[in-house]
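Whenever a hint applies, use it, and build me the whole structure from the sequences.
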Amino acid sequence: MEYVIEMLGIRKQFGDFVANDNITLQLKKGEIHALLGENGAGKSTLMNVLFGLYQPEAGKIRVHGKDVKITDPNVANKLGIGMVHQHFMLVENFTVTENIILGSEPTKMGTINIKDAAKKVQTLSEQYGLNVDPYAKIEDISVGMQQRVEILKTLYRGADIIIFDEPTASLTPQEITELMQIMKRLIEEGKSIILITHKLNEIMEVSDQVTVIRKGKGIGTVTTSETNPTELAELMVGRQVVFKTEKIASNPKEVVLQIDSLTVADNRGIDKVKNLNLTVRAGEIVGIAGIDGNGQSELIEAITGLRKVKNGNIKLNGKEITGLKPRKITESGVGHIPQDRHKHGLVLDFPIGHNIALQTYYNKPISKNGVIDYKKVNEFARQIIDQYDVRSGEGEMSLARSLSGGNQQKAIIGREVERNPDLLIAALPTRGLDVGAIEFIHKRLIEQRDKGKAVLLISFELDEVMNVSDQIAVIYDGYIIDTVSPHETTEQELGLLMAGQSLQDNKKVGGTQ
Amino acid sequence: MSKRLVNILVPLISILLGLIIGAIVMAVSGFNPIDGYVALWNGIFMDTYTMGETVRQITPYIFSGLAVAFAFRTGLFNIGVEGQLIMGWLAAAWVGQAFELPAVIHVPVALIAAAAAGALWAFIPGLLKAKLQVHEVIVTIMMNYTALHVVNALIGVISGGEERTEKIHESASLRSDFLETITDYSRMHWGFLIALLAVVIMWFILQKTTLGYELKAVGFNKNASEYAGMNVNKNIILAMVISGAFAGLGGAMEALGTFENMSKLHASTGIGFDGIAVALLGANQPFGVLLGAILFGALKNGGLNMPSEAGVPTEIVSIVIALIIFFVASGYIIRVALERFGKKRKEEK
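Listed in order, the protein sequences are those of chains A and B. In terms of UniProt numbering, the first sequence opens at residue 1 and continues consecutively. In terms of UniProt numbering, the second sequence opens at residue 1 and continues consecutively.
Where hints are given, some of them may not hold.
[What the hints assert, rightly or not] Partial chain B-side listing against chain A, Cβ under 10 Å, derived: (1) Gly30; (2) Asn32; (3) Gln207; (4) Gly212; (5) Tyr213; (6) Asn221; (7) Tyr227; (8) Ala228; (9) Gly229.
[Unchecked claim] Stretches of chain A that chain B covers, calculated by requiring three or more beta carbons in the stretch to come under 8 Å of a beta carbon on chain B: (10) 352-360; (11) 369-377.
I should point out that these hints are in silico values taken from the structure, not numbers from a laboratory. Cβ atoms here follow ideal geometry from the backbone N, Cα and C, with glycine treated the same way.
Right under this line is the structure:
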């Protein structure tokens, strides 16, 4: 079988750091080839080498059997290689067509010939079943649609090898399914695909071959049909990975968090949390399951004092904390792993050490009389970095921005857990992380529970909620529709609850069928 | 090429390039560049008098640079340093002439008044930004004009209809016989020591205090700061107020040192606006601002000598000085060029 792309023995070094060490990847025509590795394993570096953004120190690249030297992205484009980036490169207030032709605008007597371009976009869109409106503005279309525009962009430029970089990171489950279908369609039409990901189920679903890299080294290539998620996870992480987190039965004690008929409005004044009741006890993990946008964010923001409470009250250890300032709430025993670590969890332009002191910088012994002792800050940070295995280039002095997502998250968890809060709120704590980091974080949450702390977990991932929680409260349209035990429910039941059907309703429906 | 060498080479090459292009401009315009640069040099270093005047010129630039840099480090763009500076100038001039106090009290009181006036003028845009999300650039620009006319009106009131305020009492003056003697009666005054102290203060606030930690955090990421329990609005206002206080002190240098009074202004002094360039030259670092102010003030003062000694007209002088500053500010280009050069040499080996 003919290879369309062969990357043989690629080596790429940054200073003393070897990002890619003797990696080989061979893509056959008409296949989906997954590139699997943890965050920071060197997947993006390898693809940037292929795309001409980096020059390798050693190794060969062959396209359609011919040795090539890809010196910049234009060369890659000419060879028919296109890339759909994780963060889309689109101009928000341009139309689909304008974005697609950007950089190679077709002209007619010196003016842009938008009509012909739009027609071509339309044809391509129909050919590949993308269903994109050439005249829609980017800011008006969904994230999934925007991604299709990126796909169209590569097709418009004549790519027949398409690289997808973590394509599902920002998509809804529905959009993910559609993307998988699009990828299959692309293959049918004769394209070849490299799929960069660390999500095992996606690989199992669409790919033909998997090349695994770990810490910059090529581990090998396996055929998807001859492997399974457990084996892939082991290859990726380099040790056995437990998907089902081991834990002893919970032993719930006194009530730590008590929420009574809470109502919270969003920024537009629309009620997002409606008359919500919730109890979390010491020594248990309560998981909030639900589809994004059913009031989870507003609920957490209300508990932590970041959003005004419209009605109802929140008690911590029996004491009213409703409407207190965030710092007062934090100090009264709440730890908070925020859902958006870049927006709320970290000051990305601060060193990670400063970030670890974000909740304690104003207290003794770190500061005295308004003067911070940065030696103590760094000492404290090193301690957390050690304990929570936060990996970075320059230890506590590395900019938070330069750390991988998993390591950023570990630093946040270390910061919040070390303050020893009675209630730990973990909002989407594993979003975008690889299996190794997920396992680590789940263990820490369970550890807190076993220490007798109350843990409130918010997640959109069903298996995470099922795995980690002792109680599952399903949120729908701003209220808790039902509370179930993970041992006595199924993903199907949860799915129905999350869609707003109470189990009683469902049984009735079942009876009439 | 070692990093250290690059760091030293970049500013040197930048200044050299600026001088070369400036020389071309002078030559094309029909003036002798060598004469021009000799005059520039003499205007900075010729004798103790010019050196004293150079230091005097540098002093307010340090303050205006610090004011812009401080706001910048906390995520704010304070274009209103000019207005805050002249408010401080008037406050210091008024305290200097209206009261009779012993010097140990009079100078500090005048300085505090200047800082307070500048701080007040910056408080308003800070408050509007914090409470109503009005962009500080617009408000501070407008308040420069307001300050100009308010100051001119107040000068009239204070002086009973004169064009300038009375000379300040000697007890409030920063000038000294000692400095005048060693610099051949230049207007150099003790303000440069206060400016150096201000550099250290800014460094201390930003690098050592919880206040500085909060201000920087809010400047980088308001959401994370709020999450960590900081009062974002308070910090925005405080950042503007401290920035304005630096600007006000810059005005005090003119009131208590250079001029010892204040005359009605027909237009901006330019010190506040030049502070933006000084801050950028210094990469918004306190000690960088000091270096930037030295370069800026020295060129400005040296340039004054070029028309009289070398016959280069003021307009050409401005172009030459602007070119030098342009090249220093675009040091990045030279850095990249040097790195390419270093790489090529390595490959050839």
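For each hint, the structure was consulted:
1. Gly30: violated (42 Å)
2. Asn32: Since the shortest Cβ distance to chain A is 47 Å, the answer is violated.
3. Gln207: holds (8 Å)
4. Gly212: holds (8 Å)
5. Tyr213: Because about 5 Å separates B/Tyr213 from the closest Cβ in chain A, which is inside the 10 Å limit, the hint holds.
6. Asn221: holds (5 Å)
7. Tyr227: holds (4 Å)
8. Ala228: Cβ of B/Ala228 sits 5 Å from chain A, so the hint holds.
9. Gly229: Check passed: Cβ of B/Gly229 comes within 3 Å of chain A, closer than 10 Å.
10. 352-360: Since three or more residues must qualify, the claim that chain B covers the stretch 352-360 of chain A holds, with 3 doing so at under 8 Å.
11. 369-377: holds (count 4)
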